[in-house]
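Trainee: Let chain V serve as the given structure and place chain D on it in line with the hints.
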Amino acid sequence: MNNRKIVIEPVTRVEGHGKVTIKLDENGKVEDAFLHIVEFRGFEKFIQGHPYWEAPVMVQRLCGICPVSHHLAAAKAIDQLVGIDPENLSPVATMLRRLLHYGQVFQSHALHFFYLASPDLLFGIDAPAEKRNIVAVATENKELAKKGILMRKFGQEMIKALAGKKIHGILAVPGGVHKTFTPEEREYFLDGKEIPNVDTMIEWSKEIIDFMKTYHAENTDWIDSFARYPSNHLSLVDKETGALELYDGRLRSINSTGKELMNIEDIEYSYHFSEAVEPWSYLKFPYMKAYGRENGWNRVGPLARMNTCSHITTPLAEAERVIFKSYTKNFPNNMTMHTHWARLIEMLHCAELMKELLLNDEIMSNDLVRKGTPRNKGIGVIEAPRGTLIHEYHTDDKGLITKCNLIVSTTHNNEAMNRGVRSVAKEVLSEKPEITEPMLNQIEIAIRAYDPCLSCATHALGQMPLIVQLEDHQGNLIDEKVR
Amino acid sequence: MKKLDNKTIVLGIGNNGRQDDGLGWLFLDFLKSEYTDFDLEYRYQLQIEDAELISNYQNVIFIDASKDESEDGFSYYPCKPSEKYSFSTHALDPETILYLSEKLYNHEPEATILAIQGYDWELKIGLSEKGTQNLNSAKQYFKESMLNKHHSINKYY
Numbered sequence: 224m225n226n227r228k229i230v231i232e233p234v235t236r237v238e239g240h241g242k243v244t245i246k247l248d249e250n251g252k253v254e255d256a257f258l259h260i261v262e263f264r265g266f267e268k269f270i271q272g273h274p275y276w277e278a279p280v281m282v283q284r285l286c287g288i289c290p291v292s293h294h295l296a297a298a299k300a301i302d303q304l305v306g307i308d309p310e311n312l313s314p315v316a317t318m319l320r321r322l323l324h325y326g327q328v329f330q331s332h333a334l335h336f337f338y339l340a341s342p343d344l345l346f347g348i349d350a351p352a353e354k355r356n357i358v359a360v361a362t363e364n365k366e367l368a369k370k371g372i373l374m375r376k377f378g379q380e381m382i383k384a385l386a387g388k389k390i391h392g393i394l395a396v397p398g399g400v401h402k403t404f405t406p407e408e409r410e411y412f413l414d415g416k417e418i419p420n421v422d423t424m425i426e427w428s429k430e431i432i433d434f435m436k437t438y439h440a441e442n443t444d445w446i447d448s449f450a451r452y453p454s455n456h457l458s459l460v461d462k463e464t465g466a467l468e469l470y471d472g473r474l475r476s477i478n479s480t481g482k483e484l485m486n487i488e489d490i491e492y493s494y495h496f497s498e499a500v501e502p503w504s505y506l507k508f509p510y511m512k513a514y515g516r517e518n519g520w521n522r523v524g525p526l527a528r529m530n531t532c533s534h535i536t537t538p539l540a541e542a543e544r545v546i547f548k549s550y551t552k553n554f555p556n557n558m559t560m561h562t563h564w565a566r567l568i569e570m571l572h573c574a575e576l577m578k579e580l581l582l583n584d585e586i587m588s589n590d591l592v593r594k595g596t597p598r599n600k601g602i603g604v605i606e607a608p609r610g611t612l613i614h615e616y617h618t619d620d621k622g623l624i625t626k627c628n629l630i631v632s633t634t635h636n637n638e639a640m641n642r643g644v645r646s647v648a649k650e651v652l653s654e655k656p657e658i659t660e661p662m663l664n665q666i667e668i669a670i671r672a673y674d675p676c677l678s679c680a681t682h683a684l685g686q687m688p689l690i691v692q693l694e695d696h697q698g699n700l701i702d703e704k705v706r
Numbered sequence: 344m345k346k347l348d349n350k351t352i353v354l355g356i357g358n359n360g361r362q363d364d365g366l367g368w369l370f371l372d373f374l375k376s377e378y379t380d381f382d383l384e385y386r387y388q389l390q391i392e393d394a395e396l397i398s399n400y401q402n403v404i405f406i407d408a409s410k411d412e413s414e415d416g417f418s419y420y421p422c423k424p425s426e427k428y429s430f431s432t433h434a435l436d437p438e439t440i441l442y443l444s445e446k447l448y449n450h451e452p453e454a455t456i457l458a459i460q461g462y463d464w465e466l467k468i469g470l471s472e473k474g475t476q477n478l479n480s481a482k483q484y485f486k487e488s489m490l491n492k493h494h495s496i497n498k499y500y
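Residue numbers (the working numbering), protein chains in the order written: chain V, 224 to 706; chain D, 344 to 500.
Just so you know, the hints here were simulated from the structure itself, not pulled from any lab data. Possibly wrong hints are sitting among the right ones.
[As the list claims (entries may be wrong)] 20 Å max Cα-Cα, derived PhoX-like pairs, lysine-lysine:
{"hint": "1", "chain 1": "V", "residue 1": "Lys436", "chain 2": "V", "residue 2": "Lys548"}
{"hint": "2", "chain 1": "D", "residue 1": "Lys473", "chain 2": "D", "residue 2": "Lys410"}
{"hint": "3", "chain 1": "V", "residue 1": "Lys600", "chain 2": "V", "residue 2": "Lys626"}
{"hint": "4", "chain 1": "V", "residue 1": "Lys621", "chain 2": "V", "residue 2": "Lys594"}
{"hint": "5", "chain 1": "D", "residue 1": "Lys446", "chain 2": "V", "residue 2": "Lys354"}
{"hint": "6", "chain 1": "V", "residue 1": "Lys369", "chain 2": "V", "residue 2": "Lys416"}
{"hint": "7", "chain 1": "V", "residue 1": "Lys383", "chain 2": "D", "residue 2": "Lys375"}
{"hint": "8", "chain 1": "D", "residue 1": "Lys446", "chain 2": "D", "residue 2": "Lys427"}
{"hint": "9", "chain 1": "D", "residue 1": "Lys375", "chain 2": "D", "residue 2": "Lys482"}
{"hint": "10", "chain 1": "V", "residue 1": "Lys268", "chain 2": "V", "residue 2": "Lys621"}
{"hint": "11", "chain 1": "V", "residue 1": "Lys268", "chain 2": "D", "residue 2": "Lys467"}
{"hint": "12", "chain 1": "D", "residue 1": "Lys427", "chain 2": "V", "residue 2": "Lys365"}
{"hint": "13", "chain 1": "V", "residue 1": "Lys354", "chain 2": "D", "residue 2": "Lys427"}
{"hint": "14", "chain 1": "V", "residue 1": "Lys578", "chain 2": "V", "residue 2": "Lys416"}
{"hint": "15", "chain 1": "D", "residue 1": "Lys446", "chain 2": "V", "residue 2": "Lys365"}
{"hint": "16", "chain 1": "V", "residue 1": "Lys552", "chain 2": "V", "residue 2": "Lys482"}
{"hint": "17", "chain 1": "D", "residue 1": "Lys375", "chain 2": "V", "residue 2": "Lys388"}
{"hint": "18", "chain 1": "V", "residue 1": "Lys626", "chain 2": "V", "residue 2": "Lys507"}
{"hint": "19", "chain 1": "V", "residue 1": "Lys429", "chain 2": "V", "residue 2": "Lys365"}
{"hint": "20", "chain 1": "V", "residue 1": "Lys376", "chain 2": "D", "residue 2": "Lys446"}
{"hint": "21", "chain 1": "D", "residue 1": "Lys446", "chain 2": "V", "residue 2": "Lys369"}
{"hint": "22", "chain 1": "V", "residue 1": "Lys578", "chain 2": "V", "residue 2": "Lys429"}
{"hint": "23", "chain 1": "V", "residue 1": "Lys429", "chain 2": "V", "residue 2": "Lys376"}
{"hint": "24", "chain 1": "V", "residue 1": "Lys416", "chain 2": "D", "residue 2": "Lys350"}
{"hint": "25", "chain 1": "V", "residue 1": "Lys365", "chain 2": "V", "residue 2": "Lys376"}
{"hint": "26", "chain 1": "D", "residue 1": "Lys375", "chain 2": "D", "residue 2": "Lys486"}
{"hint": "27", "chain 1": "D", "residue 1": "Lys446", "chain 2": "D", "residue 2": "Lys423"}
{"hint": "28", "chain 1": "V", "residue 1": "Lys268", "chain 2": "V", "residue 2": "Lys507"}
Please read all numbers here as calculations on a predicted model, not as lab measurements.
Isolated chain V, as found in the complex:
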């Protein structure tokens, strides 16, 4: 057999364009595998010259799934340009931004689990490709699908109530927010008359965690071993307690055995991180300078957050975290497919947090905007649904942006996803006489666990597809699967 190369293009059920190349040697053994990100937009460049206050509005156009995360990360940075640090924001502005953020994480996680991941779990990795989609889930698992739709809707309605639109709305302004919450808006989420209320969201979140735990018990070997590999884990944690924190905190990284590698103020990130580039991808490879390119990369997202935090502040999610952690005897969890489980615990946490905020009368007060002494540099760090998101802006004295740097969650996960692809390729494809579609789907499952947003990561307007190509040792294309 000649050396061969497999290309999967496009990668499906992820956001944006991706492509996987798998190189086989003369014996059909996997030599190497790469996830390439093939789209490019240059958002950081064309925002230069725009007034700073446009950033939270413009940069959210990077994405149609998590625009709120970009809106809020940019807003946190822009607050600093008007002299307001997170602790100086008014209480109601902080609460409303958090409410928006929790609605966003809730709906994004629901989208990923129900729409993108559940077909693999419900129908199996060997199911026909035409069946592995949400339409089939809806047809064959009506109640699950209906709950998934209403959970996503709840989060989207929260975004609409606060930002005016479900996609690309605006809540944050420099130094605060532009609107408060009305009693009518609050009742909409509490009374359950028009949509299932927040208590129902909590109940359904618990149910879906139970579903995941049962699924895990029935598929332990696969869930535990698939695309499993050691990594560092990075996320924000609460500044005082180390608890799970999605909106504002310190950046903490631990290694695969739990040793703390970094615990810094978020605004110090640039002193501690560098970004490598590779000729085969538009996506950079961030790493911690102190540990180098090879050892300093991190996973981010739900699994990383469960590993880095000391506890969760809401009781039901904390109880689930304790169960989750007990499975690895409180050591860091490096099992990639457990990311789905962690994601669902975060959904429950967000539902509990939304309830706490909705029951707080202060969300209807009017102390919305504050001002301080202007500065020329602002850094906003937030935990987006997919992981740590960093926005940095510099301005001139006229308030025009002179420099912008974005490190997006999926960029942090670049190395992790590539390792996942390599791990699964070697496990599944090596020395097999025939490469089948279900085999290629397993490559995609390894990528999909990270819920990557390739559009965000390259700051591009994305569609979605993935390509897998098979190459020989001389780089000749032998086989290709395109979806």
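Mentor: Relative to chain V, chain D alone:
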């Protein structure tokens, strides 16, 4: 956030940052300025949750730009449920949304599609000249059909 007690929802699909792809949204702008008896929703793409949305209505009208040739610059035709879907399921067809509404919620509203022919699709705001003409033709036709208080527009099927 609360809907009026309307029986018809109109979903405009497209993106006004891509020239004639904004035809659906501009048609909604027109409806907003002229009528109060429709609920209006702007969409980049149709997604699965729209099945739940339309299950609350008796009538649904999907309005989108189209590359297909049309003698009048637009076409207006019934939408029938279909199980078809693309690989991504990020953007679903009106027919699939209707299918899911029936499957999940046992409700199939009477659905029609207004497809307005467009010509230019670059990253730019503003319709092409012919796209504008087609929009106006569609508006005129819609006004006439609505003034008659029924949807007897079968001649365009």
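Trainee: Now, for every hint given, state plainly whether the structure supports it.
Mentor: Consistency of the hints with the structure:
| no. | hint | in the structure |
| --- | --- | --- |
| 1 | V:Lys436 with V:Lys548 | holds, 13 Å |
| 2 | D:Lys473 with D:Lys410 | holds, 12 Å |
| 3 | V:Lys600 with V:Lys626 | holds, 9 Å |
| 4 | V:Lys621 with V:Lys594 | holds, 17 Å |
| 5 | D:Lys446 with V:Lys354 | holds, 16 Å |
| 6 | V:Lys369 with V:Lys416 | holds, 17 Å |
| 7 | V:Lys383 with D:Lys375 | holds, 19 Å |
| 8 | D:Lys446 with D:Lys427 | holds, 14 Å |
| 9 | D:Lys375 with D:Lys482 | holds, 12 Å |
| 10 | V:Lys268 with V:Lys621 | holds, 18 Å |
| 11 | V:Lys268 with D:Lys467 | holds, 19 Å |
| 12 | D:Lys427 with V:Lys365 | holds, 18 Å |
| 13 | V:Lys354 with D:Lys427 | holds, 11 Å |
| 14 | V:Lys578 with V:Lys416 | holds, 16 Å |
| 15 | D:Lys446 with V:Lys365 | holds, 8 Å |
| 16 | V:Lys552 with V:Lys482 | holds, 15 Å |
| 17 | D:Lys375 with V:Lys388 | holds, 16 Å |
| 18 | V:Lys626 with V:Lys507 | holds, 18 Å |
| 19 | V:Lys429 with V:Lys365 | holds, 18 Å |
| 20 | V:Lys376 with D:Lys446 | holds, 18 Å |
| 21 | D:Lys446 with V:Lys369 | holds, 11 Å |
| 22 | V:Lys578 with V:Lys429 | holds, 15 Å |
| 23 | V:Lys429 with V:Lys376 | holds, 17 Å |
| 24 | V:Lys416 with D:Lys350 | holds, 19 Å |
| 25 | V:Lys365 with V:Lys376 | holds, 16 Å |
| 26 | D:Lys375 with D:Lys486 | holds, 13 Å |
| 27 | D:Lys446 with D:Lys423 | holds, 13 Å |
| 28 | V:Lys268 with V:Lys507 | holds, 16 Å |
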